[in-house]
Amino acid sequence: MSDQSKFQPSEALPDAQVIPDISDEQYQTLFQLPMPCWCWHVSEGRIEVNGAFQNAFSCNPDRLDQLLNIFCEKSREGFLETSATALRTARGFSLQVSLNNPSTNSGLNTDRFLWAAPIQNETGKTRMLGMLFSKASHDVTDNSRFPLQSEYLLDSIKAAILYFDHHGRIRHGNQKAFDWLPRATALGSLFSDVALGWHNAIGCQQELEQVMATGVPILDRLENRTEDGQQFWYRVDKLPTFDDAGVVHGALLVMNDVTDLVLKEQALKESEARYKAFIANSSEAMYRFDLEPPVDVHQIATVQIQQMSERARLAECNHVLAKFFGAVPDNMLGVRLAALLGKHRHNVLPGFVDGGYRLVDQDFSYINNDGDKLSFQVSAIGIIENGYLQRVWGTARDVTERQRYLDRLEYQATHDSLTLLPNRNHLYQELETLLRQRAETQQLALMLLDLDRFKEINDTLGHHVGDKLLKQIGPRLEMELSELPAMVARLGGDEFAILLPRIRNNQQAVVIGHRVLDAIRQPFEVEGLHTEISVSVGIAICPDQADDVSTLMRYADVAMYHAKSERKGVSVYQVEHDTYTPKRLALMSDLGRAIREDQLQLYFQPKVDLAQSRVFGFEALLRWQHPVLGFVPPGEFIPLVEMTDLVNPMTLWVLENAIAQAKQWQQQGYRFSVAANLSAQNLLGDALVDKLEELLSQYQLPAELLELEITESTIMADPDRALRVLKAIDGLGVTLAIDDFGTGYSSLAYLKRLPVRLLKIDGSFVTGMLGDDQDQIIVHSTINLAHNLGLKVVAEGVEDEKVLCKLQELGCDQVQGYHIARPQPAPALEQWLRHAQWDS
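For the sequence shown, my numbering gives the first residue as 4, with consecutive numbering after it.
Calculated directly from the structure, the hints in this document are not laboratory data.
You can trust all of the hints, since none of them are fake.
DSS-like mimics (lysine-lysine), calculated; alpha carbons at most 30 Å apart, straight line: (1) K326 / K272; (2) K755 / K730; (3) K474 / K571; (4) K730 / K666.
Source: prediction; values computed, not measured.
Full structure from sequences and hints, please.
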């Protein structure tokens, strides 16, 4: 590596405003000095020297490395380092250097003093101006012989400089020095007499005299002065000057103002003091781990974790952390991280690395020398420099008491307060964990136990006796199953549960169930009394019967009630014993999705006007094609809908699709009406009326082409409100019909008040009317009643020609049923209409 490569000027350049300005005229004047001078054009990397330099060294260097050749190796390194600092801090400097065999005609000795300073020209470009002085240096021995050119150089240097004669009196100085030390007062005076604000000015004067007496410079002393109550700090060099004979005849006092730097250092020290006081007095444990050598964060996580465990050592901690481990801070320093964390490092360190070398309130526990479990909450942050983890700072809080309190709460939440057995919540948690971690071939069994005739003991002997008996159940079951990995829990009241995480087969579970039965049947002694009880045991097997907590619990419950009702003692779940099916609940949860995802479909059943032998309309019937269960009959899901708040959105879905289809028929040249059913919930508010008006307007469908069917029971749920809503619907021009007439209990007086135009006779009367005189009488009477009230009659359930003819004979107006056509999707109706015997 070359000497020049050790110093990168672009990294050292300071802000332009802190470098002294110098005009080109002053620069040229300085370059005409009789001393060897050079100028380093920093940004260009170019060197320029004056004639005195060329004469002294018989060379004309134009690059920095060529200039460096005049110095010996040690001086070369010192010059580079000092120049870098000068450019960075915008300060001049003085330096004693040794040269490499200069030309003998120069008259110069090997050892020289070098002055240099960064300057700036009028265009803002930075240069380093330097000058070599011999030890004789008689050019600056007195004011009369100090040339103007040298003054320019001294004034361009940022340091304050004073020259003293061999009597210790001030003979010269630069403008920086005379800014605070009046020239008229200073010249010819002792420093100790005029530098009144200088701290220990006498000592400074004595050191100058020491330098002149010994010829040995005193460098880099930190001294200060006070002016108007403000303190200024300087880095001071005291340098001897020599005559031609090498005899000391004076001294230079070079004072670099470092006030800003000292104040920053003081602030830093105060900050460090506050920091140390904060750490020492913090109520939280505080620590710092240093990693030596640092850990490369680009390695895979497992390697980093291993290296952190081995390399991290405690470098700082307060008394709180030391107290955690029963030690004092000094004894803790140097302890490896692995020794402090122990096995917990496998939990803590992966989270630290995965979290971006940060931990926030990580829980951590530790067993102390007394065997007590201590709990902490740890936070930490890693310091990464140049891709290496250097150190880790962190805090820790002792949360032992809080954790013990939480542990007590958790125990209370997961255990029965009477028997101290695990409760239902604990059983569910254990079962969920077991099911999640279960091997594919692993079988487990869940038993539910219900004590028989326990109520008799409570009623006869009192609840306190019953409680004492319940307390004996757990220990007896645990003793009976001691050789098995079983969990006994109390679910509440006189119900218990046993979880068997591993069984060989179903038969083993049944055998264990009978062992439990026999154990419970043994007499209990309570307050001197011997009492006997029995128990009913229900068993569910995983995975043969179920593989989730809810289903296992339900199946075991079904089996337990079967055992109790059949007095079997022990029963394993069987489907035929389960009168409740989850399909009903599944359908309820899927209905909302069916509406949103268009799983529903409308089928249409034709209605025929007998007098005109013409198809005049269709009834819209809802169908559901479930994506998993397939076709779901309306009888299974319609009642469920009417039990939920889905009835209104489903009704609106049917209405919109029915109206859209009727409008499509109208556009095809047909004038078919479409009928849809309403439920009791639809009549509980005015929203239906508003929505109907909106849909009819949206699809531009004449209101008379829409029929709405309501049952007698729907009306009678809230007669007054239903009547108000129905009148509003009738006001829109929509046709209203009473559906399934004859199956309800509405009065004729109320029926007379309703704005209906049609009565639909329930199919149960129509289908069997030819073989049942009572049904025929009901049909005939209903037709006559409707006609007397000015209503038309529709007969449902027409399944053969004979029934159709009889209805025509009785004067029925309209019919529908399988004899006319089965319900079918709208696209299929086009073909049916082309081949039907009825006009359209």
